[in-house]
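Participant: Based on the provided sequences and hints, a complete structural model is requested.
Chains A and B, in that order, are what the protein sequence lines are. Letter 330 of the first sequence, counting from 1, is numbered 330 in UniProt numbering, and no numbers are missing. Letter 31 of the second sequence, counting from 1, is numbered 31 in UniProt numbering, and no numbers are missing.
Since the hints were made in silico from the structure, they are not lab data. On a predicted model such as this, the values are computed, not experimentally measured, just so you know. Beta carbons are placed, not taken as given, at the ideal position from N, Cα and C, and that holds for glycine. Heads up, some of the hints might be wrong.
[Said to hold, decoys possible] Each computed SDA-like pair below joins lysine to any residue, with the alpha-carbon atoms no more than 20 Å apart:
(1) A/K271 with B/K256
(2) A/K296 with B/T284
(3) A/K271 with B/T284
(4) A/K296 with B/K256
(5) A/K296 with A/D164
(6) A/K296 with B/L222
(7) B/K256 with A/M246
(8) A/K256 with B/L222
(9) B/K256 with A/L243
(10) B/K256 with A/L54
(11) A/K169 with B/K256
[Stated by the list, open to error] Covered, in the sense of this in silico footprint (three residues per stretch, anywhere, with C-beta under 8 Å from a C-beta of chain B), are these stretches of chain A:
(12) 4-12
(13) 63-76
(14) 175-188
(15) 227-236
(16) 329-341
[To be verified] In silico contact screen, one side only, chain A against chain B (beta carbon under 10 Å); selected entries:
(17) R22
(18) F149
(19) H156
(20) I158
(21) Y160
(22) S161
(23) V214
(24) N216
(25) A218
(26) G219
(27) I266
(28) S279
(29) F283
(30) T288
(31) P355
(32) Q357
There are 2 protein chains.
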Amino acid sequence: MAETPVRFGILGCAEIARKVSRAITVSPNSTLYAVGSRSLEKAKKFAAENGFPLSAKIYGSYEAVLDDPDVDAVYVPLPTSLHIQWAVLAAEKKKHLLLEKPVALNVAEFDRIIEACEANGVQCMDGTMWMHHPREAKMKEFLSDSQRFGQLKSIHSIFYSAGDEDFLKNDIRVKADLDSLGALGDLGWYCIRSILWAADYELPKIVTALPGTVINEAGVILACGSSLQWEDGKTSTFHCSFLYNMTMDITVVGTKGTLHVHDFVIPQEEKIASFSAASRTGFTEFVTGWVPLPFKHVVTTDLSQEACMVSEFSRLVRSINDGGSKPEIKWPTISRKTQLLIDAVKESIDKGLEPIQVEA
Amino acid sequence: MAETPVRFGILGCAEIARKVSRAITVSPNSTLYAVGSRSLEKAKKFAAENGFPLSAKIYGSYEAVLDDPDVDAVYVPLPTSLHIQWAVLAAEKKKHLLLEKPVALNVAEFDRIIEACEANGVQCMDGTMWMHHPREAKMKEFLSDSQRFGQLKSIHSIFYSAGDEDFLKNDIRVKADLDSLGALGDLGWYCIRSILWAADYELPKIVTALPGTVINEAGVILACGSSLQWEDGKTSTFHCSFLYNMTMDITVVGTKGTLHVHDFVIPQEEKIASFSAASRTGFTEFVTGWVPLPFKHVVTTDLSQEACMVSEFSRLVRSINDGGSKPEIKWPTISRKTQLLIDAVKESIDKGLEPIQVEA
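Facilitator: This is the structure in structure tokens:
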């Protein structure tokens, strides 16, 4: 007995919504049901170009999507400054929420979104796709192996993306009124998430932004970084920028092992992804060489990571709507921790690189 | 007409001297000629075990090596605290100097070594082997390519090495009286060198140590890191530690390209080494994948990187002794810059992570 697919409504016609629309189409338990834009014409065009069925509802406003009783869940790729308004309203209309990152402008805003979701019994999940790639579980398996990896000690993450002239002038991610967190919210989000992920979501104690923040004329961050320190002596750094060639690395080192991945946010290929793991790495003093050599792990997937994300989200939605389950608290919890650290980095930058105590 | 090989004297029987002795044996223009230790027995054993010819001179002191008129050059792998005494004396005895890193405890000491070398017309080169691997030139070619790499923006380097209980208790590199710079001098040296190398030896303007320095009971650094900032906005971080699984990375990112190398200090294999280069990396928003993919560059070498180093050093020595050339100033210049930044990181750590202005 096939389950009814979760019917998605899309709020807005952002570029990223094209990728997620494709993922919804591809996911067996999900279907494109509605799209709303402030411009009906844009919504029509978007639906026609992105595989919406002919029966799909095309609305000239976001409200109309939320008022449609047949919409089970909404995907919200709106500019970050609009998240609180539309995410809270969606939750109040009992729509499950797949929310683009950064989830809010700050953790206080996100707390209002979480409250609305809890009060209305709806699932909240952010759009961090790589968390849903099967590679994630394989990497975590290595990091959790006390024999091969040992105790976690150090995490470094970078995410750069070379914005062209048009991006740096016109993209919503460099506009103070739309996405004031800039590269920190867009790229740093992934770095911070990868650091929390490696640390089993244990929050660091102190966050200190690195020197060298780049800020545009509107006051939006174009490049920044931070060091993070935990109670037990673990340390981490990350660096993000809209100004350099696309690079996306996680390096995680323990007492006995090292993990490298160079395409953690977006795998180089859709159906196959890899990472490198080294254990008890040594070399002889006498000749040049390593013993043992690092090992390349390859993970294949039938579904793209974004389709895996949509499928997992829809599985939770079905389980709440049909099975009476409670929403999975893991997802909003890690969204909140990520946002909390973004806030701390921003505060450190604003205070001239002062160390910031992280308080959950 | 074959040139006379440069006759090396080795001061002391350090573990690393075994590797360099092998490199001298393998290098066509170099020969093992003498070894001196405070213990004649140790020197005899060392010579017997490390391929010294039967005719080699075995001395019961370092002085005796320096007093042998047939020694052209000395290799000095002594504890860092002894460098100034023996390197200066070697130069005064007209011996060319292959000096292990860190070259001194601080730049003031190294300046005295440089002065002695200049006054006596002898070559000074430090023992940073990877600089002499043919891979170095290939990587530099990529970084210098304005089309493929663009303008240098960001450099990250890490070097970890997991010291066992014996190392952390007894190695000279954790002893305050022998190698007080600890992991900074031993491992951080390579990180700093790689950063300077990527930046064409342009010194940063400001050095700020990262939070999280680990220091042993004797006050020696076991783990530390730093951020570095240049006048033009380039930034860099490095991190080094004796406490984590062996890891040695350089990540260099420009406006158009990215270079990754994971075995920069010691290649994974003796005769073949690689690095990854990516240019104008992008991805489509619609499907998952990168265009173009990074490219793996493979470089082969007949001589190990340490033999390449010895050969280059001996080529310079021959050119000075036989051809009347002046010593190559490049090598002591980059040694000095590396030491200068080590001093700055140490000063920042000692001053509670204060930013330090670098003054050449």
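Participant: Of the hints given before, which are not true for this structure?
Facilitator: 1, 2, 4, 5, 6, 10, 12, 13, 14, 16, 24, 25, 26 and 32
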